[in-house]
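Protein chains: 2
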Amino acid sequence: MSTGKLLYAQSGGVTAVINATAAAVIETARSHRIKVLAARNGIVGVLREDLIDVGKESAATLRALAHTPGGAFGSCRFKLKSLDTDHAHYLRLIEVCKAHGIRYFLYNGGNDSADTCHKVSLIAKEYGYPLQAIGVPKTVDNDLAVTDACPGFGSAAKYTAVSLLEASFDVAAMAESSTKVFVYEVMGRHAGWLAAAAGLAGHGPDEAPHVILFPEVAFDETRFLDTVKATVARVGYCVVVVSEGLRHDDGRFVAEAGGKDAFGHSQLGGVGPHLAAVVKDRLGFKVHWTVPDYLQRSARHLASKTDFEQAQAVGRAAVEYAVAGMHGVMPVIVRQSDAPYRWKIAPAPLAKVANHEKKMPKSYIRRDGYGITDACRRYLAPLIAGEAAPPYGKDGLPRYARIKGVPVAKKLPPYPL
Amino acid sequence: MSTGKLLYAQSGGVTAVINATAAAVIETARSHRIKVLAARNGIVGVLREDLIDVGKESAATLRALAHTPGGAFGSCRFKLKSLDTDHAHYLRLIEVCKAHGIRYFLYNGGNDSADTCHKVSLIAKEYGYPLQAIGVPKTVDNDLAVTDACPGFGSAAKYTAVSLLEASFDVAAMAESSTKVFVYEVMGRHAGWLAAAAGLAGHGPDEAPHVILFPEVAFDETRFLDTVKATVARVGYCVVVVSEGLRHDDGRFVAEAGGKDAFGHSQLGGVGPHLAAVVKDRLGFKVHWTVPDYLQRSARHLASKTDFEQAQAVGRAAVEYAVAGMHGVMPVIVRQSDAPYRWKIAPAPLAKVANHEKKMPKSYIRRDGYGITDACRRYLAPLIAGEAAPPYGKDGLPRYARIKGVPVAKKLPPYPL
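Protein chains in written order, with this note's numbering: chain A, 448 to 864; chain B, 448 to 864.
Just so you know, these hints were derived from the structure itself, not from any lab.
Any given hint could turn out to be false.
Since the list gives no way to pick out one identical chain from another, each pair is judged satisfied if it fits inside one copy or across any two copies.
As the list claims (entries may be wrong) - Below, simulated BS3-like cross-link-like pairs (lysine-lysine); rule was C-alpha separation at most 27 angstroms, straight line:
no., residue 1, residue 2
1, Lys-482, Lys-857
2, Lys-545, Lys-752
3, Lys-799, Lys-841
4, Lys-752, Lys-841
5, Lys-727, Lys-526
6, Lys-572, Lys-676
7, Lys-806, Lys-572
8, Lys-452, Lys-805
9, Lys-572, Lys-503
10, Lys-572, Lys-858
11, Lys-857, Lys-503
12, Lys-733, Lys-526
13, Lys-805, Lys-503
14, Lys-727, Lys-841
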């Protein structure tokens with residue numbers, strides 16, 4: 448039995464299953480009699496010494512956490528820079544861990560968080576503080592290196608394929624005398640994983656989606672409009688999927704909201720309505736469009752069972768790795784076979800994961816650039832398989848948990864942030 | 448046993464459960480040994496004599512139809528005008544029915560369709576053709592008069608409440624260092640029923656949605672921005688629901704897409720992103736927004752059990768009314784008690800339903816205009832109760848039916864349309 452505590456924190460955009468990871472972390476740590484604290488709002492909470500005593504949550508809340516979307520302890524968009532530039536921040540992290548007897552730091556996030564976690568691991572070593580920093584994967588963007596898939600992606604992918612399928616039945620019914628083109632905007636700044644997932648909704652050239660616009664393929668408006676026109680002529684309607692990260696061939700985003708987030712990325716959104724207007728004005732068709740935005744990453748009601756199980760598995764493994772004395776690693780998903788889908792969890796060095804972006808392989812995009820290949824389908828299909836519905840109340844709503852979030856008493860002077 | 452055939456047609460915007468009504472109509476007609484034809488694309492298909500032989504569909508397809516979204520036989524936005532103006536069209540309808548031995552015409556739609564069905568009933572009588580025209584209710588807008596609720600609305604309402612709840616968990620997790628305001632645009636051109644349904648997601652002033660903008664309440668931008676600002680200060684974030692039909696106090700829509708549909712209505716969409724931009728520019732908060740559009744009315748995967756059962760019940764009743772010799776009526780839902788929710792089906796004269804629009808009672812909107820009252824909650828709650836999930840395939844997608852749609856041989860000369 449260990450006397451050190453475990454600190455768990457969530458980072459970056461949240462998902463439908465990141466709390467399933469949290470629940471698995473808490474349960475596994477408890478089975479090892481390790482006390483769990485959670486940072487409020489990710490690394491920001493660590494710096495502020497704003498910690499939550501997870502032991503104060505009821506057993507019912509912790510059970511319900513496993514099927515609650517969002518990030519129960521709060522997440523953050525706050526990127527720690529290099530060890531030199533943000534040296535004071537890194538030292539503060541170590542101070543907070545020391546003050547609370549934290550020996551295990553589990554950071555649940557994407558690329559940037561893996562990088563932060565890696566640096567925390569390095570600086571703890573440098574300062575001789577025995578902190579085991581372990582990354583835990585999560586992102587609906589599916590762009591983490593090394594791992595076969597990222598927890599959170601499978602559920603967003605299932606949401607996308609199911610919603611696209613359902614909307615396409617609607618458009619098909621309306622097309623004769625009304626809406627002929629439907630534009631569906633998906634998340635994915637640099638990689639078209641969610642756009643590709645929409646492709647699972649249909650088979651063959653006449654089933655929706657008829658056109659997928661990937662961020663990996665430069666947008667050619669003329670060719671796009673010709674394809675939409677030909678599809679309407681042939682099928683009666685046309686369903687278009689477009690990634691928020693669609694770019695012109697000079698690299699500019701087709702639609703930019705204008706702002707920048709904390710990581711310096713442009714805040715996107717709106718390429719869907721933009722394309723809808725282009726189609727309406729140039730081809731004269733009645734067009735509808737949707738931007739699901741946060742709905743696609745928080746739709747716990749439509750979680751993929753595969754994704755749910757993997758989210759739990761990485762949480763359990765992260766604790767086991769910590770207990771086994773590992774640090775500077777991340778549990779990743781290793782695919783052993785496509786069909787039947789078999790996978791296992793294995794440790795990967797954070798240095799290999801941090802700041803690498805997993806792009807879609809070219810072999811996953813159809814030659815004409817507007818669809819997915821069979822190889823892509825083989826990769827994606829198991830990730831959306833299975834259902835993991837939450838329990839519903841008599842009120843018709845899923846029974847999601849809200850934590851009490853009892854704060855741990857502070858031991859250090861305030862830290863300006 | 449009757450020798451007359453039954454013609455079923457779908458009209459207007461489709462829903463997650465209109466095919467459940469269709470399946471119930473078909474099954475009930477068969478139990479009376481009545482042959483069923485369906486018009487392809489609603490009244491347009493009748494005028495074109497473009498009819499589908501439903502008897503040619505497999506038993507498996509007809510079973511799956513009950514849990515398939517969209518309008519399996521095709522719908523239309525095509526309004527027949529007065530009996531004088533469109534006299535030729537009405538006569539053609541009678542001709543087509545005569546040619547195919549149709550004695551029962553079941554038209555499944557909203558306000559406009561009830562009007563069309565009523566006129567068909569009148570003209571058949573005038574010309575001495577024994578056609579029993581029965582309306583069957585359907586619309587996600589929930590704006591049909593007389594009936595307690597409209598099949599299709601309960602499922603769209605459940606989708607809205609669940610999606611709003613899930614997205615609000617996401618925003619809560621991101622708010623400290625990122626998104627502080629989330630804007631959710633719902634359908635509802637003139638009546639705020641779906642906007643109100645979003646209100647079911649939260650209780651009390653601090654749970655989302657914090658602001659609902661109803662089409663019934665003139666938009667006051669200054670008061671709105673003040674409320675958003677105060678909510679962010681108090682709660683940490685603010686979730687806003689806005690109806691596509693939001694208007695200024697002079698009656699202009701806050702956002703108009705510019706087009707008009709076949710009924711002369713403006714084609715709306717975009718008030719969500721518009722308000723998001725206003726909040727960002729005026730208050731400086733990071734904002735996300737969603738426009739679910741067709742997703743909210745086709746989300747069969749999240750259908751309400753109440754809605755599903757009512758959609759089937761009106762289909763069954765419509766056939767029973769026809770068999771009993773009734774015409775010019777619509778089966779409507781009569782509420783007998785709120786809790787436990789008890790309801791029955793009863794016939795209402797089409798003349799009472801046609802062209803009346805059921806507005807939200809003033810007593811359903813909170814005094815400040817930004818939320819729902821307890822009376823509204825009592826009305827809405829039972830409509831989203833219960834789940835009616837479709838079966839899923841191994842591929843992780845719901846098993847939805849696609850009809851063969853075998854055409855009935857034409858017997859009349861073509862009709863220019």
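Okay, the hints, checked on the actual structure:
1. Lys-482 to Lys-857: within (17 angstroms within a copy, 77 angstroms between copies)
2. Lys-545 to Lys-752: neither (38 angstroms within a copy, 54 angstroms between copies)
3. Lys-799 to Lys-841: Neither: 47 angstroms inside a copy, 34 angstroms across copies.
4. Lys-752 to Lys-841: both (24 angstroms within a copy, 11 angstroms between copies)
5. Lys-727 to Lys-526: between (41 angstroms within a copy, 23 angstroms between copies)
6. Lys-572 to Lys-676: neither (61 angstroms within a copy, 44 angstroms between copies)
7. Lys-806 to Lys-572: Close neither inside one copy (32 angstroms) nor across copies (67 angstroms); limit 27 angstroms.
8. Lys-452 to Lys-805: neither (33 angstroms within a copy, 60 angstroms between copies)
9. Lys-572 to Lys-503: neither (31 angstroms within a copy, 73 angstroms between copies)
10. Lys-572 to Lys-858: within (23 angstroms within a copy, 87 angstroms between copies)
11. Lys-857 to Lys-503: within (16 angstroms within a copy, 73 angstroms between copies)
12. Lys-733 to Lys-526: between (43 angstroms within a copy, 17 angstroms between copies)
13. Lys-805 to Lys-503: neither (39 angstroms within a copy, 49 angstroms between copies)
14. Lys-727 to Lys-841: For Lys-727 and Lys-841, neither the intra-copy (44 angstroms) nor the inter-copy (38 angstroms) Cα distance is at most 27 angstroms.
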